[in-house]
Each structure stands twice: as C-alpha cells, then as structure tokens.
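One letter stands for each residue in the lines below.
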Amino acid sequence: MTEPGAEGAARDAGARRSRIGSTALVVAALATGVAITSQAPDTDARQRPFVRVGVMGEPVDGRTFQGSVVAVRGARRIARSGKTRDTGGVWVIVRARAVARDKPTSIDHASVRDARGRTFLATMRINQPLVAGGYVMQPGISVEGDIVFEVPQASAARLTLRLADSSDVRMDAAIEIPIASDGPTVDRWLAEPSALPVEDARVVE
Amino acid sequence: MSWWWRNRWGLAALLPALAVALGPGVRDGYRHHRDAQASAPIGAGADGWVVFAGAHMRLAELTPAGELRDYRGRRYTPPGSLRVWRAEIVFDGAARDRLAICRLLLEDAEGRTFDADPAELRGVRIPLPGCGPQPSGADARPRANPAEYATMTYFVTPASARPVAVRVMLSSALPSYARLTGG
Amino acid sequence: MSGSEGEPSRGRARKLADRVLHLRARHLVVGVGALVLAVSGIFGGLAQMKGPRLYTVAAGAVHRGKPWDVALTRAMVLDQAPLRLRNARDRWIAVGARVEITADESRRDVADVLQVVGVDGLLDKRPADVYLLRDKASANLLHPDLGEDLIFLWEQAETAAVPKTIEVQIFGKKQRIDTFSGRLDWMDKAPRARAFLPLEDQRKPS
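Line order of the protein sequences matches chains A, B and C. Okay, so the first sequence: first residue is 1 according to my numbering, each after it adds one. Okay, so the second sequence: first residue is 1001 according to my numbering, each after it adds one. Okay, so the third sequence: first residue is 2001 according to my numbering, each after it adds one.
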C-alpha cells in the first residue's frame, strides 16, 4: 500500500517536469526562430537589383535597353554648354552607347563603384547629355553620348559602371561594366591642362 | 486513431485557406500593375471616330514627313538610319478641355512605341505635340467643320519601322487608351 | 535537544523554495520581471536618458563624423549671392564650410549639413541654397572623399537685427535599418557640434 505523501510527491515531480519541458520547448522555438531570421536575407539583399555584367565594347541587356561602353577618358577640367568645370579629384567621362528595346526609355541611374565599394553618382554640375533626363531613347535607335563622373584620384583607376532605366534600382535590371584604366593613365589625364569637351549625345548610324 | 485522421478536416482546409489568405493580395497587386500599363485599346466605331475620355478623335493622315527646317531656316536631313513621320489627328471640340494633358505615341508593326517630339528632332521647327489646338502655322489643315480642329505631330523611328497606329493616352484613363488607325 | 539553530532557517528556506516552484508560471514570470526591473533601477536603469552632447569646435577645425566631416570657415552678411533674394531688401547670412562625405555613396542631402541657431528673422531654418565656392554652381550632390568648399545661404528679413556672432550647428546622421521600409538608411538627423562665428559684414556700403 503506497503512502499518500509519496503519491503527492510523485505528482508534484511530474508537474514540475512538465513545466520545465514546456519552458524548454518555448525557448527552443524562440531560438529556432532567431536562428532562421538571422540567416534570412535582409530587405536590402532581398530587394537588390538583377545585375547583368558585361565587358567594355560589348552590349549588355538591361531589360528595357541595351548598353555598352565605347571608351573612357578623363581630365582635370571639362567644358560643357560654354562653361568650364574643374574638380578636386578627376573627371571620368564614359562614352556609352545605348538603344531602347520597345518603348521610349531614359537611363535614370548612372553610377560608378570604386575598388572600396563606394558609389559615385553621375555629376549634376553639368547637364548630362545621355543620362538623368538628358536623352529619351526611342526603340531601335542607337544613341551614343558621354556620362560624366567626378571621383577621387585614388579611385579613378578601377571603376565599375552601373546603368539602369530607373533611379530606383531595387528589384529591377541594371547593367554593370568594369571600366578599369591604370595609375599612369589617370596621371596623364590630370596633367592635361586644357578642358575636355563634353558633347551632346548623337544618333549612331 | 492516427494524427492524420484526427486532423483530416484541418488538413483538407489548408490549401483553400492559403488561397483565401494570399489570393486577394496577389490579385490586387496584379491588377494594380496591369492598370498602370496601357493595355486596353479603344478602337474606332463604324463612323471611323474613336470615342475616348468623352472626346472624339480620328487619324486623318500618317505619312513620312516632308521637308523639315531648323530654327535658322536651314534644311534638316535626318540620318539615313532614321525616318521622320507626321501624323495629322482630328479632334472634336470636347477634346480641347478633356484631353488638355495627353501623351501621343506612334505604334509600329512590332508593337514598339515612339514618343512625339523626340530628342532626335531637337532644333527642328515642328509644333509642340498635344491634343489641344496648335497655333496657326503648325501645318495642320483647317477643317470644314468649325467644331473640329486638327493637330500635327512628329515622330522618329528606325528606317525599317512600319507605323500602324497612333496612341492617345491619359494617365487618368489607364489602362484604356485611344488607338487611332487608318490615315 | 535535536538539531542546530540552522535547521529551522533551512526548513523555512526549503518551504519558500517549494512555494516558489509551485507558483503558476504566470506569477513566476511577473515576479522575476519585477525583480530584474528593481535591480536595474538600483544601477541607474530607470534614470532619464541624457541628450546628445554638443561639442563646440573652433573655426577651421575639422569635426569628423558620419556621413560627413565638416570644418566651418567663416560667416558673412551679403547682399548678393548666386541665388536671388525673395525680398529685394533682405540680406543673406552666409556660412562657409569645407564638407567631405565620409559615407560610402554620393549624397544629395547637402542642405542638412548645417543650421544657424538663434538668428532672428530667418525666412527658413533650412538654407535657401548651398553653392560650391569653386564655380558658384549649386552643390546638390557631393561625393565620398571629395571635400568641397561650400557656402550655405539663409535669407534674413530686412527688419531683423544683424547679430555680431552666430551659432552654427553641424548636423550628423546615423545609418540604421528604417523600421518602415526594412532598409538601411541614413536617419536620425541631429546636431553633433557647434561653433560660434563672428559675422563679417560684406555688404556694399549704401
């Protein structure tokens, strides 16, 4: 015959084990949730653009347009619309060619990224011939023009160009083309005293 | 009794519940996206007129543009890879107010669209595009019916393009737009 | 006599422990939470948070921070600038500063860099314009690692007095996740330093 005290103690022990077990399950569920959310991509990663990478001279598909880099020049001074602009860094002038696919399109995002991952938007110190509202491309008509950036001298030798048809590149196509030069080339650009002209965009025949 | 049998009704309801939970959001999102695009063309009636946004309009003529000049009076010759087109659109009087801010696009046989007054014609002496009456001297022919007026709009396409229609768009009327053919 | 003096206290402790372990989980959690709060209060956890400290910098000294380093150079009263005055008889309060972007991307929020404090008659707290000293063009975009000498302009009403000294505050921002969009963004614009600059009167004598 069991004693009533022993039965009560056994019930209490069982209740305690159950409570400890429940608490442990809750903690485990929370820990699993934290582990999952810490591994899941953040909003910036989830909304990143779909980047198509190309090389200089070859056209790259940017969904609504195709773009390519024809040449890269640089200078300490540029001339545009009758005004000369100088810089404390380097002017990098990318000659690009682009054609809209099936509706009027403009390149509303133009930036370069340096080796340190810093992003430099196309300058607003001049009216840009091809980007930032400078030119609306019609489908099938290839247009060539300069895109002008202002960057520190130390960044100028290794840059990657990014172009997209929207100023907000989230979850949309963007094209990227490395436009590397080298230190001696950048020095040559800076040594040239005359201002490099930035011309209007023109149709490519 | 197994767990599956005990929870059979809940399990059966899972898929419909998911559809009800996600469906309206997905449907609304798609509709919102679709309504922002021009996807519902309105064509001409039996009388040849298109009724859009409470106004009547029709394409009187769509031809390669004749001689063009710049603001200095010099002849403008487009590059050989391009062709300049001219569209004459006739509107009734109601269009004056109802289509004050419209967008005109040329549509080609491949479904591509081209803006009026493009950058390629910068500096060329052409009237500003629009759906309202243009100043006299804008090339449009005067109408026999004084309630009507005509406008002249210029487009540029690749030389190989074959235009088939002119679109008249109002952002407030999307996804509907007027699709003018003929001319 | 059985047991020592410790036995009754050990028994009381065991009774207390038993009572605690037999509490409902809800009561246990509330109790523990209250205890934690009380303990943190002893160590200053309930004290009011102090506001950010505003450093005072001298003219010409670089105040480093994010997303820009700033060195205030001078303050002037002008009657002409690249931008036209809204009211012809007003004047410009102009502050010169060298600004270098320390963020990793070009920035358009140049008007957020400085504010002038305690000056009567300013038409707007935000500068009416910011222009580059090198070519007088509007400075609406600055780039990382490319310091620029800028002039910030505030329009002061004609009727307000021209102070002898003005307080100029340098603002900074923090890069953190925006709770609305979930994206990393520069937010929490707040003053981080100030300088007191004498105002040079550069107006043409009438």
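By construction, these hints were calculated from the structure, which means they are not laboratory data. Any given hint could be a false lead.
The following label-pair restraints were derived from C-beta to C-beta distances [stated by the list, open to error]:
1. 2041(C) with 1032(B): 49 to 55 Å
2. 2123(C) with 1100(B): 45 to 51 Å
3. 2124(C) with 1032(B): 54 to 60 Å
4. 83(A) with 1032(B): 40 to 46 Å
5. 2046(C) with 154(A): 48 to 54 Å
6. 154(A) with 1030(B): 45 to 51 Å
Virtual Cβ for every residue (Gly too), placed ideally from N, Cα, C.
Taking the hints in turn, this is what the structure says about them:
For residue 2041(C) paired with residue 1032(B), a C-beta distance near 51 Å keeps the hint of 49 to 55 Å intact. The hinted range of 45 to 51 Å is not satisfied by residue 2123(C) and residue 1100(B), whose Cβ atoms lie roughly 35 Å apart. In this structure the hint that residue 2124(C) and residue 1032(B) lie 54 to 60 Å apart at CB is violated, the actual value being about 37 Å. About 44 Å separates the C-beta atoms of residue 83(A) and residue 1032(B), a value consistent with the hinted range of 40 to 46 Å.
The supplied range of 48 to 54 Å is met by residue 2046(C) and residue 154(A), whose beta-carbon atoms lie about 50 Å from each other. The beta-carbon spacing between residue 154(A) and residue 1030(B), approximately 48 Å, falls within the hinted interval of 45 to 51 Å.
Checked against the numbered hints given earlier, the structure breaks hints 2, 3 and satisfies all the rest.
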